[in-house]
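*Asks:* Chains as they are written, first to last, in the numbering used here: chain F, 1 to 229; chain H, 1001 to 1330.
The set of hints was computed from the structure by calculation and includes no laboratory data.
Accuracy of the hints is not assured; some may be wrong.
[Claimed, not checked] Cβ-to-Cβ under 8 Å is the rule here; a few derived chain H residues that face chain F:
(1) 1037
(2) 1144
(3) 1153
(4) 1315
(5) 1322
Glycine included, every Cβ here is placed at the ideal spot set by N, Cα and C.
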Amino acid sequence: MKRTIPWIITIVTGFVLVIAEFVPPWGKMREDVLIYFQIISVFAFFLGGGSLLKINLQKVFSKRTDWEYALVTVVGFFVMLALGLFKLGNPEMATAGYAADLNANGSWFKNLFDAVKAPLSASMYSLLAFFIASASYRAFRAKNSDATVLLVSAFIILMGQTFVGVVATGWMPDWVSFFKVENLSLWLLAKANLAGQRAILIGIALGIVSMSLRVILGIERTHLSGGDE
Amino acid sequence: MIQALFLSPVFSPLFSPLFSVVSHGLGPVFSWIFWILFVAGVGWVFWRTIKGREVERRVIFLMMGLTVAGAVLTGIVLPVQETVVVRNIFDTIENLEEGDKVLLSLDYDPSGAPELQPMAIAVSQHCLEKKLKICYMTLWGTGGAMIADVITAIRPDFPELVYGEDYCNVGYRAGNEAVLKVIATDFRKTFPTDVSGIVLDSLPMMTGVTACPDFSYIVAIGSGRPGIKEWVEYVVEPSGALMGSGAAAVSAPQLYPYYPQQMNGMMGGSKGASEYEKMLRRGYPKYGEFRAQATEIMGPQTVAHVFLMLLIIFANISFFLAKKRKGASA
Chain F
1 MKRTIPWIIT IVTGFVLVIA EFVPPWGKMR EDVLIYFQII SVFAFFLGGG
51 SLLKINLQKV FSKRTDWEYA LVTVVGFFVM LALGLFKLGN PEMATAGYAA
101 DLNANGSWFK NLFDAVKAPL SASMYSLLAF FIASASYRAF RAKNSDATVL
151 LVSAFIILMG QTFVGVVATG WMPDWVSFFK VENLSLWLLA KANLAGQRAI
201 LIGIALGIVS MSLRVILGIE RTHLSGGDE
Chain H
1001 MIQALFLSPV FSPLFSPLFS VVSHGLGPVF SWIFWILFVA GVGWVFWRTI
1051 KGREVERRVI FLMMGLTVAG AVLTGIVLPV QETVVVRNIF DTIENLEEGD
1101 KVLLSLDYDP SGAPELQPMA IAVSQHCLEK KLKICYMTLW GTGGAMIADV
1151 ITAIRPDFPE LVYGEDYCNV GYRAGNEAVL KVIATDFRKT FPTDVSGIVL
1201 DSLPMMTGVT ACPDFSYIVA IGSGRPGIKE WVEYVVEPSG ALMGSGAAAV
1251 SAPQLYPYYP QQMNGMMGGS KGASEYEKML RRGYPKYGEF RAQATEIMGP
1301 QTVAHVFLML LIIFANISFF LAKKRKGASA
């Protein structure tokens, strides 16, 4: 039963959406189904939040390794949840009530987001620069012809993304302007890269179509695993 | 990437006194010290490389940190070369008529903000200069804060703006691709109200907007999923809406297959943003003095790229020397 009902829902939804795509009068039904999807995706937040709490509270109460971090996660979760739900310190509360914009300037939610989440995210992303530098030094070597093509392409793109390329090949006369780094870089991105990316995209699209058909027709049921018949 | 650290709200106050010192006369001295240290550091790495010795990872980390920090503190600003990919977006907005509506979707979080926020600000300024009406939205839960920051940044230049008439913010809705699929044909079904709960029908600028194609232009600025690719697949392709985009540098190459058919232009990373800022400054002289964030970022980014390129060259010299030594000893 646990697998049969989800399987029937998958088949019905899949067929409705496919038919609605090709039969205009069914277009309205497609929109309705998509609204259901939006509503269900909101419930995913409850599931995600519940799961996060369960795992981290278990860690805190059983005092497992690094339980202090789990405590910070739980406290952070509840603080942001309270500030967001009850719009604490939100200047728009007076006029808009609980419909006030979460990110209104001066609201505690926005202030905390700007002071904690924004710098933490930016810092984490910034660290990539260090790892890229170290990885480039160790791994980017012309060991064979494939690696050499990759290396040369990467080098041109790196130069083309900054003013270095313009300076390096700015002296070239117009009749060989194609070989200026900025033009080569654009050619690599808009032609060579495009060809490869389109081939990959078309391959992926065909794979998605065949996989979707298998799911809709009930041939593929691995996504239903975990429950008894 | 790393410049995000120095521009983040927590760290930028720490560095601002240094910026101030540099801009008040110590710039050239600091600049010379920085370049001497940079050349000395690179020379040391080169020396170790030709001697066949490995350079420790922490040394590379330290040098990268000092390189970008030095470049930020010296305030290096380099010229920007315009490309047709970015110019197409600028020209499209330039050719729109007063009162036309533009949908601006900011689908990113603070980690992508140093690259993408300058695009959102520059495009917003351009639209408002042209007296176009902007509707902001986001597919990311964190995007609401990004929209609020953009509006805060542009408001001082346009004090006469009236909410609901000149711009509006419909905020975030959960559902990712499903949101796009619905707004492609019925905008109000997903966004019946704006971010503050005001019914969309009561906003004068939204009169006549029933679906995405009713916007004269869509600019999707994003750094992941759902983002530009989803906009193309679920809105542009089925509805035929006209769209331009702004992508993080890492994701830009994956989006070239959609240019120029599905999106008529694309700003890729800080470079794309700095190009747009340059076009804005040229077209609207009042922006000559404004703090062009992406243009400022391009200086440190260029120095970091040069350092990266030198590391790759040195590594390959070391590789070939080692191969040669191995061949000679065999």
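*Asks:* All hints, please: hold or fail.
*Replies:* Structure-based check of all given hints:
The beta carbon of residue 1037 of chain H comes no nearer than 17 Å to any beta carbon in chain F, farther than 8 Å, and the hint placing it at the interface is violated. The restraint placing residue 1144 of chain H at the interface with chain F holds, with a minimum CB-CB distance near 4 Å, inside the 8 Å limit. For residue 1153 of chain H, the suggested interface contact is broken, since its CB lies about 11 Å from the closest CB of chain F, more than 8 Å. The restraint placing residue 1315 of chain H at the interface with chain F holds, with a minimum CB-CB distance near 5 Å, inside the 8 Å limit.
Contact between residue 1322 of chain H and chain F, as hinted, is not supported at the beta carbon level, the nearest pair being about 10 Å apart and thus beyond 8 Å.
When held up to the earlier numbered hints, the structure conflicts with 1, 3, 5 and fits the remainder.
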